[in-house]
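*Asks:* Below, each chain spelled out in residue letters.
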Amino acid sequence: MRIQQKKTISKGRSVVMLRVPFAFVCFLLIGTGLLWQLYRIQVRDHVLWSEQAQNQRLSTFDLKAERGEIFLHDNGEPYPLAVNREYMAVYVVPREVRDPKAVARELAVVLGKDEGEILGKLSDPTDPFEMVKRRLSDDEEERIRGLSLKGVSLLSEKYRYYPAGNLASHVVGFAGLGEQGGAGGYGVEAAFDSELKGKLSRVHEERDAGGRWISLSNSRGDAPDHGDVLTLTIDRVIQHETEKIVREYREKHEADAMTVIVMEPATGKILAMANAPDFDPNKYAETEDFSLFLNPAVSSTYESGSVMKPITMAIGIDEQKVAPTTEYTDTGSVSESGYTVRNSEGKVYGRSTMTKVLEESINTGMIFVERSVGHKVFAERLRRFGFGEKTGVRLPAESGGNLHNLNDFRIGIQFYTAAYGQGITVTPLQIVTAYAALANGGVLMRPQIVESIKHADGSVETVEPIEVRRVISKETSETIGHMLRNVVVNGHGKRADVPGYEVVGKTGTAQVARTDGGGYEEGKTIGSFAGYAPRENPRFVVLMKVDNPKDVQWAESSAAPAFGQLMRFLLEYARIEPTESLEPLKSR
Amino acid sequence: MMVPGIHFQKKTRRRVLSEPVSGQSGFFRADMSFLVLLFFVGILGTHIYSVNSNAVQGYQVRQLEKEIAGMQEENARLKIREADAKSFQRIDEARESLSLDQALNPRYFEERDVVASR
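Going down the list, the protein sequences come from chains U and F.
Throughout the first sequence, residue numbering follows our numbering, covering 1 to 588 in sequence.
Throughout the second sequence, residue numbering follows our numbering, covering 1001 to 1118 in sequence.
Worth flagging that the hints you see were computed from the coordinates, not collected in a lab.
All figures in this text were calculated on a predicted structure; none of them were measured in a lab.
Think of the CB as a built atom: it goes at the ideal place given N, C-alpha and C, for glycine as much as any other residue.
Treat the hints loosely; a few may be bogus.
[Stated by the list, open to error] With a straight-line Cα cutoff of 25 Å, these simulated SDA-like cross-link-like pairs (lysine to any residue) come out:
hint	chain 1	residue 1	chain 2	residue 2
1	F	LYS1066	U	ASP62
2	F	LYS1066	U	LYS283
3	F	LYS1066	U	ARG85
4	F	LYS1086	U	GLU140
5	U	LYS244	F	ALA1069
6	F	LYS1086	U	LEU136
7	F	LYS1079	U	GLU461
8	F	LYS1079	U	VAL237
9	F	LYS1079	U	ASN75
10	U	LYS158	F	ARG1077
11	F	LYS1066	U	ASN84
12	U	LYS283	F	GLN1089
13	U	LYS252	F	ARG1081
14	U	LYS454	F	ARG1081
15	U	LYS474	U	LYS454
16	U	LYS64	F	ASP1092
[Claimed, not checked] These stretches of chain F come out as covered by chain U in the derived footprint (C-beta under 8 Å, 3 or more residues):
hint	region
17	1032 to 1043
18	1064 to 1078
[As the list claims (entries may be wrong)] Computed far set for chain U versus chain F, every beta-carbon distance over 12 Å:
hint	residue
19	VAL20
20	ARG85
21	ARG212
22	THR267
23	ARG342
24	LYS347
25	VAL348
26	LYS390
27	ASN490
Pulled out of the complex, with its shape left as it was, chain U reads as follows (with noise of 0.2 Å):
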């Protein structure tokens, strides 16, 4: 019995010794795979899981820069020309809609569209989305939220905005915004549209599950560098006053256009540049005809006529040809290779002054000048001037007028014709960069537009002066604004004074050339004044141009009063101290 209990135990404890080396395997084994599954997914694949998991928690998305805003002075404060305007548009999303006909009522009677249209655009149930009207006013947006229509919403949008409206509309131009702070088209949008727009940045962000932004993780990004904050050098009421004055004399004169430029002649900064017809920047799309978005102060060219006499004048007595005194003798005409030039109005003035030539405005005495000069120097003299090249204003679609007629000296009478301003042409602002040169003591100036830029990181960069070269001497600038200030008292520029000031300028009548072969248009011309007041540190240098006056044909009826008037405003907005005694003033 004990051998037989013996071996019953012996038994069981085989049985158990088996099971426990067969659990150890198992348990071996089960080990074996986790660890190996550990391995594989925290070591041999670590990258390729981990890059996953990031794809799934990392949210990327572009942050837009801000299109930097465009401002005009305003009495020391910055006037915003152009700004960035948030507008609500109204969408509808048809397939929320549950009684379209009652919807497209509603929505017709707040945004003054047509029924029909609106149902049109919910017609399809399974539509998602239909934009019902952009640029909503507040008044519309109001209305909208009102209603509480389903399947109706309101959506933010960005929209260039134009606060002044026709203000300065040619100087500004106009631009979209787009994704990377828009593009310009036109005016300063356009030509520093590099400067205006920025850079957008992307930010990387780590989120959730549900999409949520994980407040501890690393976020990736910079903020957006903003377009760049350009001031202009326009004054906003010089402007202002200079586009009534256009308007109320282009009314009178029915003129087909009339450009004014107003400069400071001692930096070249331009104050003030209008143009009639002008456009509204803020409707440009709504605009037919795009030759109205040129800028005729800088792109247009036409032949000046007798505006160009003092700087032909300023030649002579600086190449000490002439003198004020200088006399000759006229007989009314001058002929060359066939051609003949006479005198406006046929006149004769037989023995006359430099000083009388300019007062007379006399063609023949021009020719006596330049005949003086010498083609070979009168041509380098002009360019000097800055005739025939770009003057460098950073406005887009600049013309530099053509000289082209001045490269063949053995053709004389191109020659005679471009010393009283014809058989060239030149841009308006061509023309009051010469007469800055002649007020300044004889520097040109390059003209400015903005005068400083405020960069995104906050610092402000001022735009110089820039002096171009020097054309004439500080005497002979002097002289020259004494002989126009004669032209003003005693020729024919007695409407563009104001008492009390010594305005100097020139009045020019010139001919318009026509486009379809050679020769003039009859009874067409072009009148301008082109002047700087006071005589003794100038402040102000006006270009008065009216294209095609119908009512009155020569320039001391349609620019000078004009040039006159604007002056007038300009030396008591300076509050600049008379210096001749005050007459009562007299309506023009």
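Place chain F on chain U using the hints.
*Replies:* Chain F in isolation, oriented as in the chain U frame:
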């Protein structure tokens, strides 16, 4: 008495750890372990609190940033309204609607004028 086939084994008594050994108190040992555990729990708790607090502040900062952006937008809207109000176009329209006359030929008195100062 010896019984064939049956073996007796002498029982030995194991000593429990908590029983005092030459002068050391068992209560002191229990207290030390608890303190150590409490210390590590405290560290962990402080760390979790700090992380959570940072996360909350992060969301608060984001919320404040949104509010600032909203105020800046509102500021920009008001500046545009101000510019609209100051525009010469609107002033001219208002002048016409109020039937105000425009001064065409104003006369200016000199400051030195005795009559004007009385």
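*Asks:* Beyond 12 Å on every Cβ pair: is that true for ARG212 (chain U) relative to chain F?
*Replies:* violated, 9 Å
*Asks:* If you look at each residue in the region 1064 to 1078 of chain F, do at least three have a Cβ nearer than 8 Å to any Cβ of chain U?
*Replies:* Since three or more residues must qualify, the claim that chain U covers the region 1064 to 1078 of chain F holds, with 3 doing so at under 8 Å.
*Asks:* Check the hint pairing LYS1079 (chain F) with VAL237 (chain U) against an upper bound of 25 Å on the C-alpha distance.
*Replies:* holds, 19 Å
*Asks:* Is the straight-line distance between the alpha-carbon of LYS158 (chain U) and that of ARG1077 (chain F) 25 Å or less?
*Replies:* holds, 12 Å
*Asks:* Below or equal to 25 Å on CA atoms is what counts here, so check LYS1086 (chain F) against GLU140 (chain U).
*Replies:* Holds, at roughly 23 Å.
*Asks:* Is it the case that ARG85 (chain U) keeps its Cβ farther than 12 Å from each residue Cβ in chain F?
*Replies:* The claim breaks: ARG85 (chain U) does not keep its Cβ more than 12 Å from every Cβ of chain F (closest is about 6 Å).
*Asks:* CA of LYS1086 (chain F) to CA of LEU136 (chain U), is that 25 Å or under?
*Replies:* holds, 22 Å
*Asks:* Taking only the CA atoms, is the gap from LYS1079 (chain F) to GLU461 (chain U) under or equal to 25 Å?
*Replies:* Holds, at about 24 Å.
*Asks:* In terms of Cβ atoms, is chain F entirely out of 12 Å range of THR267 (chain U)?
*Replies:* holds, 25 Å
*Asks:* Is the Cα-Cα distance between LYS1066 (chain F) and ASP62 (chain U) 25 Å or less?
*Replies:* holds, 17 Å
*Asks:* In terms of Cβ atoms, is chain F entirely out of 12 Å range of ARG342 (chain U)?
*Replies:* holds, 40 Å
*Asks:* Holds or violated: are the alpha carbons of LYS1066 (chain F) and ARG85 (chain U) at most 25 Å from each other?
*Replies:* holds, 19 Å
Checked against the numbered hints given earlier, the structure breaks hints 2, 5, 13, 15, 16, 17, 20 and 21 and satisfies all the rest.
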